[in-house]
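Asker: Protein chains in written order, with numbering that gives the first Met the number 0: chain Z, 0 to 341; chain F, 0 to 261.
These are calculated hints, taken from the structure and not from any lab test.
In this text, all values refer to a predicted model and were calculated from it rather than measured experimentally.
For glycine and all other residues, C-beta sits at the position ideal for the given N, C-alpha and C.
Check the hints yourself; a few may be wrong.
Which stretches of chain Z does chain F cover? Using the computed rule of at least three CB atoms under 8 Å from a CB of chain F, they are [what the hints assert, rightly or not]:
| id | stretch |
| --- | --- |
| 1 | 55-62 |
| 2 | 80-88 |
| 3 | 98-106 |
| 4 | 113-119 |
Lysine to aspartate or glutamate pairs mimicking DMTMM-like chemistry, simulated, CA-CA at most 20 Å apart [to be verified]:
| id | chain 1 | residue 1 | chain 2 | residue 2 |
| --- | --- | --- | --- | --- |
| 5 | F | Lys27 | Z | Asp123 |
| 6 | F | Lys211 | F | Asp231 |
| 7 | F | Lys27 | Z | Asp117 |
| 8 | F | Lys27 | Z | Asp139 |
| 9 | Z | Lys141 | F | Asp32 |
Listed below are the residues making up each chain.
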Amino acid sequence: MSELQSTSPMIEARALTRHFTSRKQTVEAVRGLDLTVERGELVALLGPNGAGKSTTLRMLTTLIPPTSGTATVAGYDVGRDPREVRRRIGYIGQGNGAGHNQRARDELVSQGLAYGLDRNTARDRAVELAASLGLAELADRKVSTLSGGQRRRLDIAMGLIHGPELLFLDEPSTGLDPQNRANLQEHVVALRERFGTTVVLTTHYLDEADSLAERVVVVDHGTVVADDTPDRLKAVHASDRVVLGFRDHADAACAVRRVATAHPRAAVRHDGTHVYVEMGGGTFAVPALLADLAATGTPTVSVEVARPTLDDVFLNLTGRSLREGTGTDQSTPSETEEVVAA
Amino acid sequence: MSTLTLTRPERVGHPLRDTAIVLGRELKPVLRDPFSVVFSMIQPLFFLALFAPLLSGVTGLGAGSSLQWFVPGIVVMSCLFGASMTGSNLLMEMQTGSHERTLVSPLSRSSLLLGRALKEIVPVVVQAVIVVAVVAPTSFEVHPLGILVGLLMLSVFCVGLGSLSYALALAAKGQDWIFWTVQQTFLFPVLLLAGMLLPIDGGPEWLRTLSKANPLTYIVDAMRGLFAGTYDVGQLLAGTVAALVVCALGLAVGLRSMRAAD
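The shape of chain Z in the complex, shown without the other chains:
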């Protein structure tokens, strides 16, 4: 590998755009998306279904060509040198990569051969990966007899058989129970620590993006609307929610004015015996606020401070809650159909 390739970013997408045409209607799934991922980063693309995450991933993995724009992945252009890109990346899609009538070990070996490993290396890698993913006893089983979690682990093993420098995971946790989800996240983290693999994953699970990724790229309507660490996203794009309880209605009414004066930029509202405050840095402001309210004769009887979540970030950035989108999975199959046609 040349000097240039090993120091240049792992992914560099510029004005990446993809249109789908179905029933004479053009859908702009991705609109001029820019994304740079450095070597060794762990990045989550977060967004509701239909936001363009999967379409972006499909372009970066050479599954579909961009309508316009360019993308360089692992040092090669996805349009000009798709095979060089494919050699260097691992891809774990939304479905199951292993054929149902195949045996687990056979699929691992076939996958290794497909990536240019010789037969012995492929066999050794299959044994090694099956052991590290807890599949050793299942290696001779038919894929159709494996459970969902076991198949997912097999997918991961297949994605890693050639030791890729860059690993893509498309909605890796969808359909997994919490235990298997945690298990998968552990594997992704371990992979990175051991081999420095660059990881790009899409997810619509907020907790997953929050706990796993150092960098969250929020995608909506086919473009990047925010790109930062989860903590900074929360600090910049969402506020803490403080709920103060008072003895009676009158105290609360007095307090509301006091809080609004002390924090002119906070959103303050009063309902019955409670005052609701939305403010940045709420955890730090609350002690002084409580002391001030006690000193002015309206002491609080209860206090609650809620830290913002990525959902709040998303809500503030797009005006929609990410959670509303989780039930609608229609966008993905139609994209898949287009992929076949493309």
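Please arrange chain F on chain Z, whose structure you already have, making use of the hints.
Answerer: Relative to chain Z, chain F alone:
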């Protein structure tokens, strides 16, 4: 490990190696579970047991016994069923995500089709061997050379037909009903018009004309000659040309469909 030390660049994307990998992968379930394959080939035996006896009174079956006439047809028929349905395996892999995974791999697009299509030769041979083994003790005369040449011709045809079936699966974009509707609509006219179950010669003029437009007719006729140990050059040539035409057409359409996935 993270810098491609495992792979050898010169190995990646070599068309022949890739085709061998895809073919090898397709054959693995067969090798692991030979009995499941044998069971799936039980259908022609039912035709032999329950349909062939009805032919004893039928005229136009040629000089030999009715089995001598019927067996080549039944061998072609079971291959026609198998090869035309083979796209359903790809259809399933498209639905599970397995096909997508191979599209992201560096395997060449052509090899994804060629390796699969070449696999169709295996059921051709296995089914023929089973059928011939079953009828060998009867009035059926075994002509090994003729059978060998006939199976070669049939293999060429099945590679083409299998390719068409894969192209259909790709065109159906993973939707079962489209695949099966088209496959069934195509299968039965081709099957009946080739004169596999009953001779066409006694049929009306229009049916005989349609039969002459069916490439499979020439393959079935050539197979009958070969299985009987008669080597009619004209018949052999017509069958070979028909098989080659179907093969070339199938591969052209199949490769085009698979490359379009790029």
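Asker: A separate judgement is required for each hint: does it hold in the structure or not?
Answerer: Quick rundown of the hints versus the structure:
1. 55-62: holds (count 3)
2. 80-88: holds (count 6)
3. 98-106: Holds, because 7 residues of the stretch 98-106 of chain Z bring their Cβ atoms closer than 8 Å to Cβ atoms of chain F.
4. 113-119: The restraint on the stretch 113-119 of chain Z holds, since 5 of its residues have a Cβ under 8 Å from chain F and three suffice.
5. Lys27(F) to Asp123(Z): Between lysine 27(F) and aspartate 123(Z) the Cα gap is close to 18 Å, so the pair holds against 20 Å.
6. Lys211(F) to Asp231(F): Between lysine 211(F) and aspartate 231(F) the Cα gap is close to 18 Å, so the pair holds against 20 Å.
7. Lys27(F) to Asp117(Z): Holds - the C-alpha atoms of aspartate 117(Z) and lysine 27(F) are around 18 Å apart, at most 20 Å.
8. Lys27(F) to Asp139(Z): Answer holds: lysine 27(F) to aspartate 139(Z) is near 12 Å, not above 20 Å.
9. Lys141(Z) to Asp32(F): holds (10 Å)
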